[in-house]
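Can you build the whole structure from these sequences, using the hints too?
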Amino acid sequence: MYPFNYHKPASVSEAVSLFRNADDPMYLSGGMTLIPTMKQRLAAPTDLIDLSGIPEVSGIEVSADRVRVGAFTRHNDVVRSPEINKTLPVLSHLAGLIGDNQVRNRGTIGGSVANSDPSADYPAAVVGLGATVYTQDRSISGDEFFLNLFETALHPGEIITHIDFPVPTRAAYQKFPNPASRYAVVGVLIAEFAGTIRVGVTGAGPCACRASGMEEVLNQNLTVAALDAVEVPDAGFNSDLHASAEYRAHLVKVMARRALADLLGQ
Amino acid sequence: MSEVVSQAESENQGIGAPVRRREDLRFITGDGRYTDDINQPGQLYAAFCRSPYPRVRIDNIDASEALALPGVVAVYTGQQLVDDGLGDLPCGWMVKSKDGTEMISAPHPPMAATVANYVGEPYALVLAETLQIAKQAAELVDTDFTELNAVVDLAHASGSENIYEGIENNLAYEWALGDEDATKMAFARAAHVTTLDLTNNRLIPNALEPRACLGMYERGTGDYTLYTTSQNPHLERLVLSAFVQIAPEHKLRIIAPDVGGGFGSKIFIYSEETSVIWAAGKIKRPIKWVADRSESFLADAHGRDHITRAELAMDEMGRFTGLRVKTTANLGAYLSTFGSSVPTYLYGTLLAGQYKTPNIYVEVQGTYTNTAPVDAYRGAGRPEATYVVERIVDQAARELGKDPADLRRMNMIQPEDFPYETPVALTYDTGNYEASLDKALEMIDYAGFEARQAEAAERGKRRGIGLACYIEACGLAPSKLAIQLGAGVGLYESGEIRMNPTGSVSVFTGSHSHGQGHETTFAQVVSDKLGVSYDDVEVIHGDTGRMEFGLGTYGSRSLAVGGSALMVAAEKVIEKGRKIAAHMMQAQVDQVDFENGQFTLQDSNQSVSIQEVAFAAYVPADYPEDLEPGLTEKAFYDPNNFTYPAGTHVAEVEVDLETGVVQLVDFVAVDDFGHIINPLIVDGQVHGGVAQGAGQALMEHGIYDEYGQLQTGSFMDYTMPRADDLPDFRVDTTVTPCTHNPLGVKGCGEAGAIGSPAAIMNAVTHALGNKDISMPATPEKVWRAIRGE
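As given, the protein sequences belong to chains P and B, one line each in that order. Here this note's numbering is used: the first residue of the first sequence is 1, the next is one more, and so on. Here this note's numbering is used: the first residue of the second sequence is 1001, the next is one more, and so on.
Simulated from the structure, these hints should not be mistaken for lab results. Since we're looking at a predicted model, the values are computed, not measured. Glycine included, C-beta positions come from ideal geometry on N, C-alpha and C. Mixed in with the good hints there might be a few duds.
[Stated by the list, open to error] Simulated restraints on C-beta separations:
1) B:Ala1723 / P:Glu83: 28 to 38 Å
2) B:Ile1703 / P:Asp65: 43 to 53 Å
3) B:Asp1705 / P:Asp65: 27 to 37 Å
What follows is the structure, encoded as structure tokens:
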């Protein structure tokens, strides 16, 4: 790890001000990606701005049609939240599949979403549930948030404060974990909102995205069999030691079938 | 097992009792003392510059910028070590090619000097006041390399450019064992021949504790001390003294304190530790180096990595008449300490397995590539041999339409055949292979498999079952034989037992515990033999300054060889004690019996305890005139054969037909380890070994890309088995005591990793409808096999 300046601001505005006045700053949330990267000397921020002391970015608020999760909420807080388990159980389920217990104790939803790791789980929920990402300045539609590999709609210095998830009628998430890292090789979240289906896919491409072909078919015919007709082209999909693009494309379909079967209670 | 249970129930802490490991409390409460826990005032920190390319010429090293960084004390290059007169890191086992010529060792200086031959090979050492500065300075060392053509692909290495001048076709040796002509004849007469191509995947050891060292030099005395993560500190001292020439043996002390796992990877004499102890002498300050996990992946010796074609000849009945094996073994860029012996004497000699195959011939091409050196890793040669034999036997059974268990049974060596001389140079002393097969089949409910398979099919899973009836040779072993076969050292072990004046016992062993639990089992052995309380026995190991000599722990040898040495030493203690006791009781020596810690005068009610005898030995007021005071005895034990643990492992897997995921759903291991000292520890050894075997079969694979870069250089990509990947293992034992060591024990440390890969892969093959795929059976590979690719 290279030397850096450490800051622990007490408010979002203080954090942003620190960010603007530093050479090459980075925000530190759970640090589950950033700290290992720094330890391997692959990242060398001059200033690390720790967001753990900011009350505005924490807390869980649940109403009948919306679940609001503060950006600094740890994964295990989502796993264990009785309110989320009751109102949006798919989110608790998904959070419980992230990494291992140590990671879930430290990692945060804001950090995960802001990182746009192509194999992270939360992005499937942001896209699949049509969430809205809030920053200190604005709100960003979940559909427009992830732009590319490790690239989001966030401006430099912009901090996610919270994420609003609309509550679907029902939803399910299925993940094919990388056997080594347990990141998602492919993860598919399917949600039903008043008769409309959304499908969010993570792991397959450079960033999480909706599977519009599946959505169209399922909006007509909400059965597992209907998915058989959907072609999942592998163009642009990731390919690595653990899964070729072709295999990933296949897994998208398998995970979608399984998620839909869960959703339908089959 | 009944014997063991009855002793356990009697709350005995001696031989056979399931005593909990005494070392675990300190390990699991953070009170262990590992190399990195030891610090010296004024110590420097080392960081290594490592080759970023698989094969380079080192043209120039400019360390000026690194040296200018405040806190940097020195930068040493590999060339400086050579110029200082240090010798190469030697390979300790000379293997001859089949034409009688000696193997050809590639030059292996302590650090790369003029060329580097694998990614991660160290070529310069930076010393600084802090670790951060050392690492930063290592990045500032400016090195000019000329990239040379690298040889990475094992299958084509022998036809590629020569890595080393004078080593044609990149072959260190072309070794053979067995009768080629007789085997050829057997194939000519065979009624059926089964042929199988196999890959034994490269593994990366990944002990919990990475390698580490702390090197020190005493100006006043000229003494060197090296704390390090070693499985065999005396061997390390011998090599560093006699070959590398760091210092004479009496001026070099190697201490291996608590060591967090080795699996073979900490046997070897590596660049880093060697460079650090040398540099400590140069700079005259202590130097600490601890590998980070990335360095472990790159620069620990890897394991396995074979490509094999095997052929099995059978008669009309299915009796094995010949086995012919040709293996290309990856040695990596250099011959590591025992790298030459693993794919030869620890592999070819095991190809008889449990069977009476009369003709066996094996050829092994020991091949250099521009990858990390390959050496012993848990099982070392025997898992590779078992994989060949047990996979081809299964394949043959399928081709012949026979039940794999029946075909094995029909060919097994029978209890009346022992001692059994194989066609590949070993003599098995004892065993009962059908007994373990029968027990394993009963435990797995072999007959009920079809019902389980049908039930799985309803869930969309394809279930398969696979057997492996393994044998291995361990407890390394007769020095004379090993030296005849090329070993550079003996393979005995030493032990010393000191009865202290007040009756407690200090036990010194040349074996080394890095997770095996010697402090417990050896105390059980000695307390049982001397009839003293288990709590009064302390076991000390891992320090060349405290024990006389030792060859360390590898090849499942500690109990069979090191434990036997303690038995011999204990016998000497008893014999001397008998003389003292006789004197105390004013009797003749032959009138004194010893049992349960008491010396008793025959036909009398007179007795003295061994503790009283010890006190008399150290306070010799009334004492035999012709006897030296003191009660401490040592022994060197050299076995006259290997021990031959054997058993049957049975795996059941379920394959998800949609995703290709293989789940290991049941695993039975029935092993014959002879007498058992501590059944808890034996179970633990089997569990750990099976977990590693499951890792090899289903997950682990060290992969270099075509450019020689390690693609699986972290746990993000190198798949280690985790607890939730594994079922509850069901383990049991059968017992045929070893015939030639005083404890009747056989090694148990590697068996789990030896039998399980073949059992699991046979189960996968079975599940896939006899479609053969290479290890590891990863999801995409299995998915493609299901699709018929």
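key: Numbers of unmet hints, in rising order   = Structure breaks hint 3 only.
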